[in-house]
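Chemist: Sequence:
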Amino acid sequence: MIKAMLVTPFPPQPTGLADYAKRILSLTKDQVEWTVAYPEAALPLEGYYCVPISKLRENNFNVPVIYQVGNSPHCEEVIETLLARGGTGLFHETNMHHVLRNKANNSGDWKSYNDHVIHDYGDKSDSFLKVMGKKAKSLSEYDNRLRKNPLVGKLASASSIIAVLSDTAKWEMEKIAQGKPVIRMGFLPDFHKRAEKPEKKNDTVIIGIAGTFHYGRSWKEMVNAVAMLRRTVDCRLLVAGGGWPETDFPWITATGRLPDREFREQIEQFDIAIDLRHHTCGETSASMMDILRSGIPAVVSAEGSFRDIPADAVLRIPSESGAGGAYAALKYLLNNTEVRSAISESAANYFADISDRKKCLAEWLDLLERSTQ
1 MIKAMLVTPF PPQPTGLADY AKRILSLTKD QVEWTVAYPE AALPLEGYYC
51 VPISKLRENN FNVPVIYQVG NSPHCEEVIE TLLARGGTGL FHETNMHHVL
101 RNKANNSGDW KSYNDHVIHD YGDKSDSFLK VMGKKAKSLS EYDNRLRKNP
151 LVGKLASASS IIAVLSDTAK WEMEKIAQGK PVIRMGFLPD FHKRAEKPEK
201 KNDTVIIGIA GTFHYGRSWK EMVNAVAMLR RTVDCRLLVA GGGWPETDFP
251 WITATGRLPD REFREQIEQF DIAIDLRHHT CGETSASMMD ILRSGIPAVV
301 SAEGSFRDIP ADAVLRIPSE SGAGGAYAAL KYLLNNTEVR SAISESAANY
351 FADISDRKKC LAEWLDLLER STQ
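The numbers in the sequence shown follow my numbering, run straight up by one, and end at 373.
Among the hints, erroneous ones may be present.
With a Cα cut of at most 25 angstroms, we get these calculated DMTMM-like pairs of lysine to aspartate or glutamate [what the hints assert, rightly or not]: (1) K358 <-> E345; (2) K103 <-> D115; (3) K29 <-> D248; (4) K193 <-> D19; (5) K359 <-> D123; (6) K197 <-> D123; (7) K135 <-> D123; (8) K193 <-> D123; (9) K3 <-> D356; (10) K359 <-> D260; (11) K359 <-> D30; (12) K193 <-> D234; (13) K200 <-> D167; (14) K137 <-> E345.
Quick caveat, the hints were computed from the structure, so don't treat them as lab data.
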């Protein structure tokens, strides 16, 4: 039995990394004796030795330590521990500017933030800080600025090994952390059996968006694309996930944040999925993985890790094509049953390969062995 420590957000924190932590533990429970270190806002998980990050002792770090690093406030304690102690970082994004800037805003610790900037930008740091210091006209503009000016280098430097979940993230981190091992891991599913697809009660086409809202997701363009489609097609928009802007459109239904099982049951109602993004932070979309798992044909923007999905497993459109391009792609899929079926089969096959349980377990055991050396 391998002994190791996982430093991670944990339920009930509303972040995909908390859910992913449970998947890691489930996958490896027969081979790994984990100590799970979690932020104060979370709760211990029954069946595992869990300790708040603030209560860790020196001897807790005498085993391989894996940090789940993500670009959200839920990861602040994880990030601080990685910077202080080092270890293996499992990076869910390749830009951590949002979480680093948020911590500086809330704590007033701008020296630490500036250290990250100096580490990544060197003699261009003053220009970087001048851009970030300008007053933003909106939250959307501010978010876009964070996306266009990435920060991650100091965290990469603190990691002895870097693990990522996509080919794009591997390529980006290899540029940032030259000379360090960067390992591409498979994506862990939730290990529930696939939810059954409900029998359709009418001919209304369900266009679906899955996951949590953030400003990098092109909400207006997706809504406008479906609105254009409704001129000639009986369709509705089903949004499975939390935080999305409210609308007065009766043809839009938003579920709010859901547990894994209920979330996947909602996805099974989709006839076609859509996910448009811009200036991604290098995230691997868990919601898109669930869509692929269910064999739902999807229209996606050619951004970030979406570019790693095989060309026959999604319908990719240029990011700049906007609502018009998305409408044309949706219309094309609706008019071509054979194409939809082929994409559906390729999507499910791709997911089955990258999330194969035996392959993923071997990758995790290998990562822990490397982290011991």
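Chemist: So, for every hint listed, does it hold in this structure?
Modeler: So, going through the hints one by one against the coordinates:
| no. | hint | in the structure |
| --- | --- | --- |
| 1 | K358 <-> E345 | 22 angstroms, holds |
| 2 | K103 <-> D115 | 13 angstroms, holds |
| 3 | K29 <-> D248 | 47 angstroms, violated |
| 4 | K193 <-> D19 | 16 angstroms, holds |
| 5 | K359 <-> D123 | 44 angstroms, violated |
| 6 | K197 <-> D123 | 56 angstroms, violated |
| 7 | K135 <-> D123 | 23 angstroms, holds |
| 8 | K193 <-> D123 | 53 angstroms, violated |
| 9 | K3 <-> D356 | 24 angstroms, holds |
| 10 | K359 <-> D260 | 22 angstroms, holds |
| 11 | K359 <-> D30 | 15 angstroms, holds |
| 12 | K193 <-> D234 | 31 angstroms, violated |
| 13 | K200 <-> D167 | 37 angstroms, violated |
| 14 | K137 <-> E345 | 44 angstroms, violated |
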